[in-house]
Amino acid sequence: MSAATADRRRLASGPSWLLIAPLLLVMLVIFCWPILQLIKTSLFDPDFTLKHYREVLGNEFSLTIFWRTFRVSFLVACFALVVGYPIANLMRSASPFWTAMIGACVLIPLWTSVLVRSFAWTVLLQRNGVFNSFLQWTGLTDAPVAFLYNEAAVIVAQGHVMLPFMVMPIYQALRAIPDELPRAALSLGASYVSVFRHVIWPLSRPGVVAGFLMTFIVTLGAFVTPALIGGPRSLLLATFISNEITEQLNWPRGATLSAILLVAVMLLIACFNRFLKIARVDGR
Amino acid sequence: MLSMGADVRISGLVKRYGSAVTAVDNVSFDVAQGEFLSVLGPSGSGKTSVLMCLAGFEVPSAGRLAIGGRDVTDLPPNRREIGVIFQRYALFPHMSVRENVRFPLKMRGMPRAESDRIIDGTLATVRLAALAERMPAQLSGGQQQRVALARAIAFRPPLLLMDEPFSALDKKLRDEMQVEVKELQRKLGLTIIFVTHDQEEALTMSDRIAVMNHGRLEQIGTPDRVYGDPATRFVAGFVGEAHALPGVVRAVEGRRITLALDDGGQAAAVAPEGSTLAAGARAEIVLRPEHIALNPAVGEGEGLAARLIAKSFAGATVGLTFETRRGARVFTRRPVQESAALPIGGEVALGVQPGQARCFPLAGGVA
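Order-wise, the sequence lines are chains A and Y. All letters in the first sequence, in the order written, are residues 1 to 284 by the numbering used here. All letters in the second sequence, in the order written, are residues 1001 to 1367 by the numbering used here.
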């Protein structure tokens, strides 16, 4: 960088602070402040105490929900990866027209609310829904199958909701791989499977990690889809917290659960960041 | 480390994209064992398409390709046993130099200890032994291209395809790499097909040059043949420095042609083989710098009057650009002392050394 552009950058930083000040203010007032309040609620009653944490972490029911939430989120991310990777790969290899069409099909659902998409899944999966009618019409089953209100339904529906967040980073990573690399690998004698295993997959891994992380973390706090599609036996953390606060009116308990989730997510992100940074120094 | 090159036979190769674009239009030529053949042409001439068909990345619309007597037209690229060098190196960014070179050996199921021995030998050949553990991003462009070279020869293919391999390097490095590749080829006895748009590179490196334009093969021959006896007007203009002057054919005697130049003066030129130029036809003489004779005084008759408009110093010689009265340009080179006597803006009479320059029919027909 030349000295002149460096100067211009330094001069510009003053006005740019001014420009983001409104956003910063809004974030501080309606985001950071409530979160700090929440954490305070979990730690003071009215004096400093860890009893809420002891209660939550010593309670088998809440531990079950924590474990289930992490497991379901992990499976949602796996599901989205398995479905999303081939889509992203197709977008990379298709003609520009089809890339745009597939991209639109992946992204347009983002414009509809999560609520609508989840209801659509209930329409598909309910007792007299599309799937069951079809199965009975074909004669494969003679009674409705209970698709809804279980973990599998939550994983599929939430996985679908999260699909764009998986497809897009993977597609970006795949698109950044120059055509010469798979070609070079082929010319060197690699089979198509080897080209994928040794060239495409390792080079798309940053996109996979980003998509997986995003899907996993957003699902940890997902509320709408699990609440609509999941049954009482697949209760997840966000729904549990909402119940504690709005029905049990147990604010300290809700706050404690939220704080634990927040810390867990931040730890996860820190771990992944570290892992990604190491991968970058090593690999690229 | 010795391997024998393979001969290559391209017959009737056609490559169409959709129905509108014919990138390669019925191209046939052979490459001998251990030959260095350049495919030279401007961008869009189809030279890269020929290479991509040979490598197997593109499927020919028609025609057959054979390497070492084996028809490879329907073989996938990973079964053709060809080393390919790409313009942008195409090293695997997530593997070290050593692992890049190991890749073709690993794909052939070679045990680690054995492949390590070959990698060390190959890296020594391209003078990169010290950088084996580096990542590609830590290497300069020239070093990266050497790694690509090592990777492509590690499995001892009989044929190496190079797609404008040095165009991303600066001139000094390019010259160095040209020498190295030639040396390597001699050592290994490799057949090399080298695609380039740089006529100088093609002239200095090749045993033979295939000149392509608009998907067609214009001429194939040794560098001195392509330079000295171009078969078409395109080849004459594309290979080597050339300036053209229009005129009318006065006399035809076999391939020898006398031309009355529009700019004044006469020139004795040579028509390409099979030429149908007849007296009275419009034609164009293509002048190389060494075809021009300088008479330092304005004269009538043979010479053509021109004004010196620019001098460019080039070490031992000075490039001189002249403009004729009609505004056409002619370029030549003269020793420094001789050109010192010529002032810019000064008039001179230019002559054409008889029987060297080529002439071609000029679009526009009979005068």
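No lab work stands behind these hints, which were simulated from the structure alone. Be aware that one or more of the hints could be misleading.
[Claimed, not checked] Computed Cβ-Cβ distance ranges for the label pairs, DEER-style:
id, chain 1, residue 1, chain 2, residue 2, range
1, A, Cys-105, Y, Ala-1062, 44 to 50 angstroms
2, Y, Ala-1066, A, Ala-270, 55 to 61 angstroms
3, A, Leu-276, Y, Arg-1134, 57 to 63 angstroms
4, Y, Asp-1116, A, Cys-105, 47 to 53 angstroms
5, A, Leu-268, Y, Asp-1116, 54 to 60 angstroms
6, Y, Gly-1141, A, Leu-276, 54 to 60 angstroms
7, A, Ala-270, Y, Arg-1112, 35 to 41 angstroms
[Claimed, not checked] To give an idea of the chain Y side of the interface with chain A (calculated C-beta under 8 angstroms), a few residues:
id, residue
8, Phe-1057
9, Ser-1061
10, Leu-1075
11, Phe-1086
12, Arg-1108
13, Met-1110
These numbers come from a predicted model, not from an experiment. Think of the CB as a built atom: it goes at the ideal place given N, C-alpha and C, for glycine as much as any other residue.
Each hint, compared with the structure:
1. Cys-105(A) / Ala-1062(Y): 44 to 50 angstroms: Between Cys-105(A) and Ala-1062(Y), where Cβ atoms are some 38 angstroms apart, the hint is violated.
2. Ala-1066(Y) / Ala-270(A): 55 to 61 angstroms: holds (59 angstroms)
3. Leu-276(A) / Arg-1134(Y): 57 to 63 angstroms: Violated, at about 22 angstroms.
4. Asp-1116(Y) / Cys-105(A): 47 to 53 angstroms: holds (48 angstroms)
5. Leu-268(A) / Asp-1116(Y): 54 to 60 angstroms: violated (40 angstroms)
6. Gly-1141(Y) / Leu-276(A): 54 to 60 angstroms: This hint is violated: roughly 28 angstroms between Cβ atoms.
7. Ala-270(A) / Arg-1112(Y): 35 to 41 angstroms: holds (37 angstroms)
8. Phe-1057: Interface hint status for Phe-1057(Y): holds (5 angstroms vs cutoff 8 angstroms).
9. Ser-1061: Ser-1061(Y) check fails; min Cβ-Cβ to chain A is 19 angstroms, beyond 8 angstroms.
10. Leu-1075: Leu-1075(Y) check fails; min Cβ-Cβ to chain A is 11 angstroms, beyond 8 angstroms.
11. Phe-1086: holds (5 angstroms)
12. Arg-1108: holds (6 angstroms)
13. Met-1110: With a minimum Cβ separation of about 11 angstroms from chain A (threshold 8 angstroms), the hint on Met-1110(Y) is violated.
Violated hints, in rising order: 1, 3, 5, 6, 9, 10 and 13; the structure is consistent with all others.
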